[in-house]
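Following the hints, put chain L in place on chain P, whose structure we already have.
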Amino acid sequence: MPLLQLKDVSKRFGQVVVANGVSLQLEAGDAVGIVGPNGAGKTTLFSMIAGDVKVDAGEILFKGRPITRAAVAARCRAGIGRTYQIPLPFEHLSVFENALVAVHQGARVHGLEGSERALDALVRTGLIDLANRPAGALGLLHRKRLELARALATGPELLLLDEIAGGLTDLEVVELTEVIRGIRADGVTIVWIEHVVRALLSTVDRLVCLAGGELVADGSPREVLNSEAVRRVYLGGAIINEAVS
Amino acid sequence: MSATLVPDVGRTVVRANYHPAILIGGSVVVAALFTAAPWILPVAWVSVLNNFFLLLIMATMWNLLAGYAGMVSIGQQGFIGLGSYALLYLALKGMSPFAAIPLAALIAGAIAVPVTFVLFRLRGGYFSVATWVVADSAMLVILSIAYLGGGTGRPLPGLANLSPTAYNHDSYLATWLTALVVSVGTYLLLRSRLGLVLASMRDSETAARSSGAKVTSTRRWIFVIAATGCGAAGAVLAISQPFVQPGNAFNINWLAEMLFATIIGGIGTVEGPIIGTIVYFVLYQSLQGLGAWYLIIFGALAVAVALWQPGGVWGLVRDKTRFELLPVGYRVRDK
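Chains as they are written, first to last, in the working numbering: chain P, 1 to 245; chain L, 1001 to 1335.
In short, the hints are calculated from the structure, not lab data.
In this text, all values refer to a predicted model and were calculated from it rather than measured experimentally.
Be aware that one or more of the hints could be misleading.
As the list claims (entries may be wrong) - Here are some of the chain P residues that sit facing chain L, going by a computed Cβ distance under 8 Å:
#	residue
1	I67
2	T68
3	V72
4	H104
To be verified - In the DSS-like style, the derived pairs of lysine-lysine whose C-alpha atoms are separated by at most 30 Å in a straight line are:
#	chain 1	residue 1	chain 2	residue 2
5	P	K7	P	K63
6	L	K1320	L	K1335
7	L	K1214	P	K63
8	P	K54	L	K1335
9	P	K54	P	K7
10	P	K7	L	K1214
Every residue gets a Cβ at the ideal spot worked out from N, C-alpha and C, and that includes glycine.
Bound-form chain L, shown alone:
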């Protein structure tokens, strides 16, 4: 954004490749529209938007994890479940569910810290399988806690005083604001030094280390951030149900959806999860009349994209147009 002047070599370093005012102005307009959605759109649409933002959070986190940090986790549903249950616990203790969202997310993130010390001993496929084991173990622990409803779950307390309309509005706004924080936060992270070093590690871990990068601790940060983000998704999921049950909170379908959205949109690109989530919902809305067939079509599509267009929809657009909607890189220019 800010141009830095380097007098001795006569070059300037800039960030965005088009005027930042357009980026910020555009974001403000989009943000205002989504904030106003419950007042302008029919209830059914608001519900779709709610699910859209829920998936957007998850896809953004999975993209950060797998697309940028190379950690192919198939256990993110574990942190979604933990976020849901952390929120349930805090609500049972008397906290307002809305106020408890950040804390629930942080609890999921905190649980991820010790988990990394075990998981990071493993590589590649072993790492992936282990993340799934962690997710299932977390669910088994939750199942055994009677206070949290065991296998049948519990309704989320603290929402009874809201009218159905107010509940719908507030629940949507909570999801939307969480998605906004997660998306903007992830974008800023990818534009930061951390984002640059992540991109370097993706190309050569060896060279990154010998350039001074602390590869393992960088990975740990990303894993914990992704767990926190998925925890936040779990928390807003609990509010939008509003019933917390292990089979739903720890459902592996969340993983399938976030994976699909990321791969279709373009893994390892900032824009990918956003595009992918839009594609997912457009397809879902138009194909759900086909019954189970829609799942087969989704699966075939994901395989086809992975095989023939590994950069996803956004990868194709970027390669054809060289356009970046959300630039993260640096450009050197003559003064």
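Pulled out of the complex, with its shape left as it was, chain P reads as follows:
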């Protein structure tokens, strides 16, 4: 049984079509990258999977069960974790408390084991030394890591990463990629939207390209990046050539 299935999912905001009959299937253990130009509907796709945005038409199944109408919290508790492109830390809580909220609410684990899980999420994302720091005092890299830690603390089977490497330096991207590879190695299925294609290629084994709310390519990273459709979408093409070589 596929972990996640999107069947002919459509969504429009007024006149703007952000998803036009998108169908997608993920198996447990997959690591899939999503690329596409700005406004292609990538983040909206995540929001529809995680429940922040309701679909106009189509169906979404998680572990074989329809979740199309389920609330955000219910989807999180079912095993879908997500990060936001612009980090949304609980600014007045400490880094540890940020993770603990996710353990309590998402993973439904409390008490001693809950604390352990929250600490574990901080260790894995390299935030343990900042555990008592107010999240509002963190810089961008640490905010991105906190997004990851919090999503991880919900105990996800499917992790949706939205431009988690955006805005970071090359070295920071490498470090973060290591963390994500570690998460994948623990069996968490990953879907990753990223403009930093190089970061994606080191982690994913499947690439999906979205443009204008439609899925224009789906396959191995090399296939997708070399496909005519994707080259048309990315007029410049140079970035991709550089990444593949």
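Chain L alone, transformed into the frame defined by chain P:
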């Protein structure tokens, strides 16, 4: 309080930032002093303390509602009124008013449940105005019930067999014990998982939802708890009058006072309502000779605090000293 050991990362998670024995010991001493108050203090002081605890209950509830859950209700006087009238009804049916306090509070809380399904369709200012409408509607319904005394109200039965001294003592103790239960309960709630998720919702509702928090039902719980607390305040108010009348029970002044105390003390802090209630009574006692001027001074002070010191008195103390009298957070320490 309890330290949890996490061997694999070599860290410990602790709750209070100073020894819990001090917290518990201090609370026991304070509690014993207030319980003994009617025997050591003059009657007039006991009456002031009674009003103090009444306001403390209300401010604590409003702080929970507006400061923690972001629901700026301007209709809490509705639940105070409902608590008063629920107690009157139960007393008229033959229950001892003192024994009926918890039940009266629960009745106010139960009425809040269906109300949330209407109110929660509204946001921000619309929500606030609607809470006021609910309070006024509740009063209009009560006004129309002749059994409860209509517009003129009714004396609270069931207290005639008490001597004036016994009545004063018992009435004070009822208010004090209710304030104790409400304050300790609220503190424990804010230290619990519910308190943590409330704090997270205050910072980002979106992130709270996608971390698995059921935002709406959490809010509903808080609204109902705050209504129950205000109902309890209404119940002990009825006993301390002891006459239940719509103009007093549903008085919007209760709202003004709880708002003032919360804002002055520090909205969204555990200690705020306590500090604010103390400030309110100190100011009230020293300014009441000025007639209507005291209201103008109170209003100006509340505006000034909201503008220049939005964290209130406690916010200032906490920022300067990093001290927490009633800690709710978690600290990670090396083993």
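| query | Tell me, which hint numbers fail for this structure? | reply | 1, 2, 8
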